[in-house]
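Chains C and L, in that order, give the protein sequences.
If you're matching positions, the first sequence starts at 559 in my numbering and goes up one per residue.
If you're matching positions, the second sequence starts at 3 in my numbering and goes up one per residue.
Bear in mind the hints are in silico, worked out from the structure with no lab data behind them.
One or more hints might be untrue.
Here are the simulated lysine-lysine pairs, BS3-like style, with alpha carbons at most 30 Å apart [unchecked claim]:
id, chain 1, residue 1, chain 2, residue 2
1, L, K43, C, K624
2, L, K73, L, K43
3, L, K38, L, K81
4, L, K26, L, K43
5, L, K38, L, K26
6, C, K624, L, K54
7, C, K612, L, K46
8, L, K81, C, K612
9, C, K612, L, K38
Where chain C lies over chain L, by a calculated footprint (3+ residues, C-beta under 8 Å) [what the hints assert, rightly or not]:
id, stretch
10, 42-50
11, 97-109
Glycine included, every Cβ here is placed at the ideal spot set by N, Cα and C.
Here are the chains, one letter per residue:
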Amino acid sequence: GQQVQQSPASLVLQEGENAELQCNFSTSLNSMQWFYQRPGGSLVSLFYNPSGTKQSGRLTSTTVIKERRSSLHISSSQTTDSGTYLCAMERGSAGNKLTFGIGTRVLVRP
Amino acid sequence: ETAVFQTPNYHVTQVGNEVSFNCKQTLGHDTMYWYKQDSKKLLKIMFSYNNKQLIVNETVPRRFSPQSSDKAHLNLRIKSVEPEDSAVYLCASSLGSQFFGPGTRLTVL
């Protein structure tokens, strides 16, 4: 089964609304990372978040490693937030490779 | 500019041809990676290199081979492409968090 599960699979927001994206891991992990990908675009690292809460602008990531979960909160969404949000985990036993979830597709309407 | 650079941006070829994709990072990282993103957008690790040593080699077909001249470069060669190789190939490097290049989109006709 999928080692990294993301929910929801997709999300439609009205500009200004908040959203919370979830990421759950089926195995123990050393750390995890949140990425943003535009359609046809490259991956942009949002957070490298071994544990705890980190904030960058309107984005907040909270990771609880021992509970194998992480969330990404988007506040006051904007149309430019539209795209796919991916989370990935890193397990020390597998080198530094990342195992990705399938992503949450976010569409923010004006 | 410090980043991860990939060439070409896209490549169209026919079944059986050989292709090679280049990746260079100017971040001073020790570890580089190749990932494949399929049509369902799932990203999967293919290879990783640390100081020119292969440290993770996923069960990818043998027609794929990574090539590294130094720790700043990691190229990917596909000896004889097949239709299922059509995908976006993403290169990354890391020192802790991973940074990705823009990707190379391969289309096999």
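* **Violations among the numbered hints, reported as their numbers in ascending order** => 6, 8
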